[in-house]
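Using the sequences and the accompanying hints, generate a full structural model.
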Amino acid sequence: VEGIQEFRGEDLFSGLSGRRIPRFHLQRAFFQAWLNEKFAPELLESKPEIIECVVEQLDHMEANLKRAKRGDLKVSIHRMEIERIRYVLSSYLRCRLVKIEKFFPHVLEKEKSRAEGEPSILSPEEFAFAKEYMANTEIYLKNVALKHMPPNLQKVSLLKSVPRPNLDSFVFLRVLERQENILVEPETDEQREYTIDLEEGSQHLIRYKTVAPLVASGAVQLI
Amino acid sequence: ISRQVLWCPSPHCYLGPFNPGLPVEVPVWLAINLKQRQKCRLIPPEWMDVEKLEEIRDQERKEDTFTPMPSPYYMELTKLLLNYASDNIPKADEIRTLVKETWDTRLAKLRLSADSFVRQQEAHAKLDNLTLMEINTTGTFLTQALDHMYKLRTNLQPSESAHSQDF
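Protein chains in written order, with full-length UniProt numbering: chain A, 1 to 223; chain B, 1 to 167.
Heads up, a few of these hints could be off.
What the hints assert, rightly or not - In the DMTMM-like style, the derived pairs of lysine to aspartate or glutamate whose C-alpha atoms are separated by at most 20 Å in a straight line are: (1) A:K209 x B:E122; (2) A:K110 x A:E45; (3) A:K66 x A:E81; (4) A:K131 x A:E109; (5) A:K74 x B:E25; (6) B:K39 x A:E81; (7) A:K102 x B:D147; (8) B:K126 x A:E180; (9) A:K209 x A:E185; (10) A:K38 x B:D147; (11) A:K112 x A:E45.
To be verified - Here are some chain A residues pointing at chain B (derived, C-beta under 8 Å): (12) S169; (13) E187; (14) S202; (15) Q203.
Unchecked claim - The following residues of chain A were derived to be distant from chain B, with all beta-carbon distances above 12 Å: (16) L44; (17) E45; (18) E49; (19) D59; (20) L65; (21) L97; (22) E111; (23) I121; (24) P124; (25) E125; (26) F129; (27) N143; (28) M149; (29) P150; (30) P213.
Just so you know, these hints were derived from the structure itself, not from any lab. Backbone N, C-alpha and C define an ideal beta-carbon position, used for all residues, glycine too.
So, in structure tokens, the structure goes:
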């Protein structure tokens, strides 16, 4: 099978294409994005660069595997690696879809009011999906219930009735880049607010709202 | 992805550094798979040794706080290796017991501190020496409980910035 020079765990991710790009970084960024998405209460920024690279990788690996000798141990091992990556990719995309369906009016609203140059939270496909989901929900509600209501009650504000993501939920995180003076707000009126420093490598339990920008910037990893 | 050293005795391994008879480091998932196919022997990590684990267990029982573990995946590695490769691990049963005792002590401490976290309505906790497996054992329950408490508390006060209600 061409292109295999070494067979270390990290290089497995570079697949059989033999390209010399630091795949280890891609894998780490990908797993990071996956875990963050799993544990964050809201839909996070979409990561088209990472997803595109991962899909490309998988395609390359699949194509190369087709050309390989059958029965080779290498082949089965690479196949396992492909399955692992596929699993994570599926899980990541599904997690996002679940959140899009759950919070669809808010997600669309956020995307609509996004400033020029700010990163998008929806990929073009996800955006189309969300719009369609919203339209379908509106039609459904209208046909099933609203059109039978008295004329002054035939409108429903989906923005008001669909629950927002709870940004106050607690999350576990690991610190990747040291942060200083993070303000922790008090839980009760008797408590005072205080600041903490986040040391690299430390783990914490804290409200998502406090660390949301750090998750987006990659300074912390949700676990 | 944690690494496991494994030893390839079979001459079928024509892969790069997979030379028969020489130890090579691979991800755990691969090691377990190859072991199941009887292509290799697994070498346990350095800390998977009766004396070391006894020390660790005693240390954990002595301290109130969490002591650092020899591996962030000590529990997972123990379970996997003892399930699939106990023939490669000397005194496997003793090791299993020792790790379980350490685990039990740590989980008991975790339950205590989670309880006090909730009671005292803390806003933040530092959990440096906890491993992921331990965090995930109680984590979901804890965060959901905290969410419920928060909802109950905020509903006591009529807030100016009302969150959208479930219909």
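Hint by hint, where does the structure go against what was stated? Just the numbers, ascending.
When the structure is compared with the hints, none of them turns out to be violated.
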